Every structure is written in structure tokens, then in C-alpha cells.
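Next come the chains, spelled out residue by residue.
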Amino acid sequence: MDPRSLILTLFLLFLFTGSTAASPGKIKVRRPCRRLVFYFHDVIYNGKNSKNATSAIVGAPAGANRTILAGHNHFGNLVVFDDPITLDNNLHSTPVGRAQGFYLYDKKDIFTAWLGFSFVFNSTQHKGSINFAGADPLMNKTRDISVVGGTGDFFMSRGIATLMTDAFEGEVYFRLRVDIKLYECW
Amino acid sequence: MDPRSLILTLFLLFLFTGSTAASPGKIKVRRPCRRLVFYFHDVIYNGKNSKNATSAIVGAPAGANRTILAGHNHFGNLVVFDDPITLDNNLHSTPVGRAQGFYLYDKKDIFTAWLGFSFVFNSTQHKGSINFAGADPLMNKTRDISVVGGTGDFFMSRGIATLMTDAFEGEVYFRLRVDIKLYECW
Amino acid sequence: MDPRSLILTLFLLFLFTGSTAASPGKIKVRRPCRRLVFYFHDVIYNGKNSKNATSAIVGAPAGANRTILAGHNHFGNLVVFDDPITLDNNLHSTPVGRAQGFYLYDKKDIFTAWLGFSFVFNSTQHKGSINFAGADPLMNKTRDISVVGGTGDFFMSRGIATLMTDAFEGEVYFRLRVDIKLYECW
Chain A
1 MDPRSLILTL
11 FLLFLFTGST
21 AASPGKIKVR
31 RPCRRLVFYF
41 HDVIYNGKNS
51 KNATSAIVGA
61 PAGANRTILA
71 GHNHFGNLVV
81 FDDPITLDNN
91 LHSTPVGRAQ
101 GFYLYDKKDI
111 FTAWLGFSFV
121 FNSTQHKGSI
131 NFAGADPLMN
141 KTRDISVVGG
151 TGDFFMSRGI
161 ATLMTDAFEG
171 EVYFRLRVDI
181 KLYECW
Chain B
187 MDPRSLILTL
197 FLLFLFTGST
207 AASPGKIKVR
217 RPCRRLVFYF
227 HDVIYNGKNS
237 KNATSAIVGA
247 PAGANRTILA
257 GHNHFGNLVV
267 FDDPITLDNN
277 LHSTPVGRAQ
287 GFYLYDKKDI
297 FTAWLGFSFV
307 FNSTQHKGSI
317 NFAGADPLMN
327 KTRDISVVGG
337 TGDFFMSRGI
347 ATLMTDAFEG
357 EVYFRLRVDI
367 KLYECW
Chain C
373 MDPRSLILTL
383 FLLFLFTGST
393 AASPGKIKVR
403 RPCRRLVFYF
413 HDVIYNGKNS
423 KNATSAIVGA
433 PAGANRTILA
443 GHNHFGNLVV
453 FDDPITLDNN
463 LHSTPVGRAQ
473 GFYLYDKKDI
483 FTAWLGFSFV
493 FNSTQHKGSI
503 NFAGADPLMN
513 KTRDISVVGG
523 TGDFFMSRGI
533 ATLMTDAFEG
543 EVYFRLRVDI
553 KLYECW
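Residue numbers (my numbering), protein chains in the order written: chain A, 1 to 186; chain B, 187 to 372; chain C, 373 to 558.
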């Protein structure tokens with residue numbers, strides 16, 4: 001190759017790459033840089049199961065009490081939880097972490113919740129936390145909430161978590177499958 | 187142009203672009219990549235308006251009840267809401283989505299709130315959710331909170347929402363104008 | 373240097389820089405672009421200190437009241453706060469802002485909390501807010517939570533805040549040291 005041809009090739013290549021480089025952050029591919037699937041298990045305190053319960057009603061609208069979930073699709077109930085996280089859908093599997101935070105039922109005519117919580121890990125496999133927030137229209141088969149941040153192994157992460165109700169037993173137990181897709185990894 | 191001149195030009199251009207490329211993300215312009223304005227309407231349950239109410243007090247400090255907003259600028263009241271979102275400032279316009287989440291009054295000597303909520307859309311125009319969090323010093327004409335994430339059409343969004351109290355009627359109704367400015371769009 | 377050598381040098385340099393440029397955002401250094409240290413002070417209302425109290429229990433599980441923190445490591449207590457922020461560890465120093473939001477105790481067998489709050493500044497030194505969310509396993513010496521957003525001087529910030537319990541007096545007072553490390557600055 002003579003110098004001129006090389007320069008031309010180089011120049012074209014340069015222009016192409018240069019234009020990409022000049023707009024950092026604009027080209028974003030919707031492909032997770034990290035993906036994790038977990039289950040977590042919520043056993044709601046109902047006045048009789050204090051030993052097994054992992055969550056409790058701590059707020060309720062006027063006229064409702066905090067032992068029985070309120071009528072009108074539990075509208076107004078605020079529930080605090082500390083739930084075991086497992087790798088499979090078995091409540092009795094060894095927990096790999098804890099899901100800690102709250103949910104509140106926020107709609108009168110259908111079941112819908114709002115969630116603010118963290119996955120907290122302190123094992124050989126994962127150390128750190130993932131923080132979540134978002135609406136959970138729980139009658140939908142899958143629902144997306146936001147991963148708003150992370151610490152430790154999940155330092156500065158952002159992404160989407162797709163929730164799916166994997167099982168429920170009346171008003172005492174439910175199990176969520178959480179498919180975490182991180183699109184910002186550090 | 188002789189090869190040497192071309193190489194020099196190329197080299198200078200390269201150095202310039204190279205230095206931009208080497209620090210991706212540093213040059214950030216404060217110009218929204220997306221902007222949306224909505225209104226939402228909150229009708230607080232007061233013991234008499236259960237049919238129209240869109241929100242309810244579910245937490246209150248000791249000595250206060252959950253039907254009447256507490257004294258001391260409602261300090262300690264936690265309110266859960268499911269409010270209609272409209273494109274204009276008319277409560278009776280067809281809602282385009284729901285604002286769902288909570289606010290809490292967190293100051294004794296002046297009205298101030300803290301908000302955690304989502305805009306949930308499921309129409310032909312918008313599908314997905316926008317998640318918000320932040321302090322709302324509601325005596326200020328405008329207040330900025332954070333857009334901490336989004337899903338669906340608002341996948342991975344971040345930005346600022348400027349709130350303005352557009353109207354209020356005593357302690358039963360208020361309407362907020364929300365000017366959403368997204369600075370990270372995917 | 374003859375043209376061929378220069379072209380080769382240039383080409384190698386170009387390839388190296390080009391590969392960096394082609395993946396903007398991938399090379400992220402874990403060095404804060406901004407760092408701030410503050411203290412905040414929480415005086416919990418206990419039925420007798422209404423004048424000095426800066427926080428109040430507004431949610432509690434069935435069987436507990438809202439004047440005394442609940443048993444079982446306060447599991448289920450939701451506390452709303454408006455706490456002074458100071459530059460040093462003295463409660464009586466002039467506040468530089470307010471820490472506003474909530475925490476909830478979410479575990480029965482050990483003290484653990486979940487936090488959603490903002491630092492709100494309106495002084496000559498800082499104007500704007502920083503929004504935080506995350507789990508606070510408060511028996512650990514230091515705990516990391518997420519900075520999920522910011523407004524004003526902290527426009528669009530993200531990062532990590534390391535919390536440390538700097539002092540506490542029984543169940544009435546605690547002081548947190550907050551070491552804010554921002555990794556995304558605009």
C-alpha cells in the first residue's frame with residue numbers, strides 16, 4: 001500500500017470512529033451488562049404467625065386495623081418486610097440475602113402496590129446491595145420497576161427489575177421472582 | 187496537499203477528537219432530551235368523601251388520628267395516593283395515567299413533604315412508568331425532585347421534575363403541575 | 373521521522389484511542405468527582421420532648437403504639453424526620469441544611485433500617501437537594517446507601533453515601549456522619 005492510500009484508509013476509518021467518539025453516551029444498546037434472577041418470600045403477620053412472619057402491616061387507613069389487611073384491595077396498607085432471598089423458588093432453600101423495605105397498596109379498585117426496598121447480600125458470592133423503587137401493578141403477569149442504585153459488588157448500578165408473582169397463598173404468603181437486568185455497570 | 191501536510195492535519199484533528207473521546211461523559215449539556223408536562227389531582231379522604239377520594243392518611247404521629255390531617259403543618263402524616271393524571275388542569279379531563287405512591291409531611295413549623303411515587307401509563311400514547319423521589323418544600327412556588335428511573339417508553343430515564351401547586355381547596359383537594367425534564371434518555 | 377514511520381505510529385495510537393472511544397462509558401474510574409461530609413442529628417419524640425424532637429413515629433405494627441419504639445428491635449416502626457445538618461458533630465452548631473424523609477425498622481432479630489430522604493440546602497454555600505435511598509444495617513460500623521439524584525447545585529448527581537453512627541443516647545438521640553461521594557457530576 002502506498003502512503004496516500006494508507007492515509008485515505010486511515011482518514012475514513014478515523015472519521016467513522018471519530019463521529020462515534022464525539023457523541024459519548026448517545027449510542028446505548030439495550031443489552032444488560034449483568035443479569036441476576038432471585039426469588040423472595042413474604043409471610044405477612046396475621047396475629048397468629050409471629051414466629052414465621054417476615055412482614056407486618058404498620059400503616060392503615062382510618063377505620064382499618066393493622067392485623068387484617070384492609071378492604072378495597074388493601075388500599076392504604078403499608079407493609080414493612082425483611083424477606084429471605086433464595087436462588088430457587090423454595091421457601092426453605094438457604095437464603096442468599098434479605099429483601100428489606102416496604103410496600104404500600106395504593107389503589108381502591110384493583111390490587112396495585114408501590115415498592116421501595118433493597119436486596120442486601122453478605123455472602124461469599126455477593127457483597128453489597130441493590131436498591132429498587134417503582135410501581136407494582138400486581139395483577140399484571142410481569143411488572144417492571146427501577147434499579148435506582150447499588151453498593152459493593154453492585155456499585156453505582158442502574159437497570160430494570162422484572163417482577164413476577166410466582167406463587168401466593170391467600171393473604172398470608174407470596175413469592176416474587178425478580179429478574180434483574182443491569183444496563184449501567186461500573 | 188502533500189502527504190506530510192495531510193498527516194499533520196490528520197494528526198491535529200486526531201489529537202483534538204481523541205481528547206474528547208478519551209473522556210466520555212464529561213461534556214454534558216443541560217438540555218433535556220425529552221420534556222413532558224402533566225397535572226395530577228389529589229382528593230384526600232376526610233371521612234365523608236370515600237367515593238371521590240383518591241388518597242388516604244395511613245400514618246400519623248401519636249395523639250393524631252387518620253381522618254383529620256394532624257396539627258403542626260401535618261407533621262408526621264403519611265398519605266397514600268392513586269391520583270388521575272391529566273394533560274390539562276381540569277380534574278374532569280380524561281386521565282392519561284395514574285400517579286401512585288406516597289407523600290409524608292415532615293416538618294413541624296412549615297408545610298414540607300417528601301415524595302416517593304410513579305407515573306403509570308398504559309395508553310396508546312405512553313406505555314411504561316416514571317419513578318420519582320425527593321423533597322417537596324411546598325410553600326415554594328416551584329420545587330425540583332428527581333426522576334430516578336423509568337420503564338417501558340421511559341426505559342432507564344433520569345432527570346428532574348419541577349412541581350408547582352396549580353390549585354388547592356382547603357385540606358381536601360390539590361392539583362400539581364409536573365414539568366418533567368429528562369436528561370438521560372435511552 | 374519518515375512518512376511511513378509516522379503513519380504507523382499514528383495508526384497504532386489511533387487504534388488504541390479508537391478502541392477506547394468506541395465504547396464510551398465503559399471505562400469508569402471509581403474516583404469521586406465530588407465529596408462532601410456532613411452530620412445530621414435525630415431527636416425522636418417520646419411523649420415528653422415535643423419542643424426538641426425532630427422526628428416522630430408515625431407507623432407501628434399491631435399491638436405497638438407510636439410513642440414508645442416497638443420491641444423486637446423496633447421492627448415495623450416508621451419514623452418521619454426533619455433533622456438539622458451540621459458541618460461538625462455538634463448538635464448546637466448552626467445548621468447548614470435539613471435532612472428530611474423517613475426511616476423504617478425492618479428486621480426483628482437485629483437493628484436494621486431502610487431510608488428514603490433528602491438533604492435540602494438553601495444557603496449561600498449550597499442550594500439544592502441530594503436524594504438518598506437504601507438499606508441501613510445500623511449495627512455495622514459503616515453502611516453504604518445510594519445517592520439516587522440531585523437538584524440545584526447537585527443537579528443529576530449520583531453516588532454513594534457512607535453512613536456511620538457517630539453517637540447515640542438511648543432511644544432518644546442519634547447522630548449520623550454522612551460521607552457523600554458523587555461519581556456522576558454534571
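None of these hints come from the bench; they were simulated from the model.
Just so you know, these numbers come straight off a predicted model, no measurement behind them.
Backbone N, C-alpha and C fix where the C-beta goes; we use that ideal spot for every residue, glycine too.
Warning: the hint list may mix true and false statements.
Stretch-level coverage of chain C by chain A, calculated; a stretch enters the list once three of its residues show a Cβ under 8 Å from a Cβ in chain A [to be verified]:
(1) 411-424
(2) 495-509
For each label pair, taking beta carbons as the anchor points, the in silico distance ranges come out as [as the list claims (entries may be wrong)]:
(3) B:His258 - A:Cys33: 46 to 56 Å
(4) B:Trp372 - A:Gly152: 19 to 29 Å
(5) A:Asn89 - B:Val223: 37 to 47 Å
(6) C:His444 - A:Asp109: 33 to 43 Å
(7) B:Ile254 - C:Leu459: 20 to 30 Å
(8) C:Gly419 - B:Asp295: 18 to 28 Å
(9) A:Lys48 - C:Arg406: 47 to 57 Å
(10) C:Met511 - A:Cys33: 25 to 35 Å
(11) B:Met350 - A:Ser123: 38 to 48 Å
(12) C:Thr496 - B:Arg217: 20 to 30 Å
(13) B:Asp352 - C:Asn461: 35 to 45 Å
(14) B:Lys313 - C:Phe483: 19 to 29 Å
(15) B:Pro281 - C:Leu459: 41 to 51 Å
Do the hints match the structure? See the list:
no.: 1; hint: 411-424; in the structure: violated (count 0)
no.: 2; hint: 495-509; in the structure: holds (count 4)
no.: 3; hint: B:His258 - A:Cys33: 46 to 56 Å; in the structure: 47 Å, holds
no.: 4; hint: B:Trp372 - A:Gly152: 19 to 29 Å; in the structure: 25 Å, holds
no.: 5; hint: A:Asn89 - B:Val223: 37 to 47 Å; in the structure: 43 Å, holds
no.: 6; hint: C:His444 - A:Asp109: 33 to 43 Å; in the structure: 35 Å, holds
no.: 7; hint: B:Ile254 - C:Leu459: 20 to 30 Å; in the structure: 39 Å, violated
no.: 8; hint: C:Gly419 - B:Asp295: 18 to 28 Å; in the structure: 20 Å, holds
no.: 9; hint: A:Lys48 - C:Arg406: 47 to 57 Å; in the structure: 51 Å, holds
no.: 10; hint: C:Met511 - A:Cys33: 25 to 35 Å; in the structure: 33 Å, holds
no.: 11; hint: B:Met350 - A:Ser123: 38 to 48 Å; in the structure: 47 Å, holds
no.: 12; hint: C:Thr496 - B:Arg217: 20 to 30 Å; in the structure: 28 Å, holds
no.: 13; hint: B:Asp352 - C:Asn461: 35 to 45 Å; in the structure: 42 Å, holds
no.: 14; hint: B:Lys313 - C:Phe483: 19 to 29 Å; in the structure: 42 Å, violated
no.: 15; hint: B:Pro281 - C:Leu459: 41 to 51 Å; in the structure: 46 Å, holds
Violated hints for the displayed structure, listed by number in ascending order: 1, 7 and 14.
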